[in-house]
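Asker: The whole structure should be built from the sequences, with the hints applied where relevant.
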Amino acid sequence: MNEVKVLKQDAKPVALSQRLTAAVFGGLLGAFILLGVGFANADLVHNAAHDSRHAISFPCH
Amino acid sequence: MLQRLLLTGLLSGAVAGVVLTLVHLTMLQPLIAEAEYYEEQGSAPVAGVQHTHPGGISHMHSGGNIPHLHEQNFHIHAEGTAHVHAGATIGHMHSAQVAQAAHDHGAHAHDSSAWSPEDGLERSLFTLGANLLTAIAFGLLLAAGFTLYGGSINLVQGMMWGGAGFLSFSFLPGLGLPAELPAAAAGDLLARQAWWLGTAVASCIGLAIIAFGKSHAWRAAGLLVLVIPHAIGAPPAEAGAVGAAPPELAAQYIMVTLFASAIMWSILGLMAAYVHGRLAQDQTVTFAEPHAT
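Chains U and Z, in that order, give the protein sequences. Quick note, the first sequence lines up with residues -13 to 47 if you use our numbering. Quick note, the second sequence lines up with residues 864 to 1156 if you use our numbering.
Keep in mind the hints are simulated off the structure, nothing from the lab. One should not assume that every hint holds.
Covered stretches of chain U, going by a simulated chain Z footprint (3 or more residues, C-beta under 8 angstroms) [claimed, not checked]:
(1) 0 to 9
(2) 22 to 36
(3) 40 to 46
Where a beta carbon is used, it is the ideal one built from N, C-alpha and C, also for glycine.
Answerer: Below is the structure:
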């Protein structure tokens, strides 16, 4: 049986609008987590993530 | 599509976050602990000490071991706060406690009664959690970039994406706001956070324009976007303010944080490209010839 495998290529080209929707959702989720861990000013969040903030060089204090 | 993005971000972020934490606990945490030692030393008030500054100003105050500078009626404490005594000039006396009560340091006050993790395992676990979340957040942003790009990305290209992340989120913001040890002297917190985020976003956009721009004009525009935040300049600390930790420690800390970030972004780029590629293969069509035997 002859098979032609197409590797590392999407089965069908994905429309830009679909990629844009996914990218915006994923990007917003990433930004939301980043802001929560790195930038939220609440004392509890600050203290819990304190050493990480210093390590990632987010402005802290 | 979205599932592929989320999995790419989660898996690459999880691996990068664990490795970042290993680097953190072995190389960074000792420096943070040392800086905290100086922070506590600096703020522990002792009995009144009479002392003389190089400018010939002599005075006595109860926080005598707190390093500070005097310029006539103006002085700066080790933790980076500066203040002016309206009427006072030479030879005044005050206590650290009085000074603390009398002035507002604006940026923020640490409520010492607020919860914070216990030193040791608990603190390390919170660091692991925060590092994992941060790396996953970066992984999701990277995967969002892959998705926008649309094409396949090999491991070498993945490393280059990771390098762009390192430049955008570590190196370029660090040019204006290098990593701070605890008790470092620094400007207003909100202004610094805004500048840091603005620089990170501008750097992402600038690098993307340089990488994908079709003409020299576009690439030049990308370079301009990279430069703008630095032309504006990061919010500075108050003039003359110094941190509690020795500058040698602060310098080493900056190098090690850059190293840790570089490791994290390399792994993030590699892993994200790998996972992203694997998930594409899973969707591969297999063309079977209809008349095959």
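Asker: Next, verify each hint and record whether it holds.
Answerer: Going down the list of hints, with the structure as the test:
| no. | hint | result |
| --- | --- | --- |
| 1 | 0 to 9 | holds (count 8) |
| 2 | 22 to 36 | holds (count 11) |
| 3 | 40 to 46 | holds (count 7) |
Of the hints listed earlier, there is not a single one the structure fails to meet.
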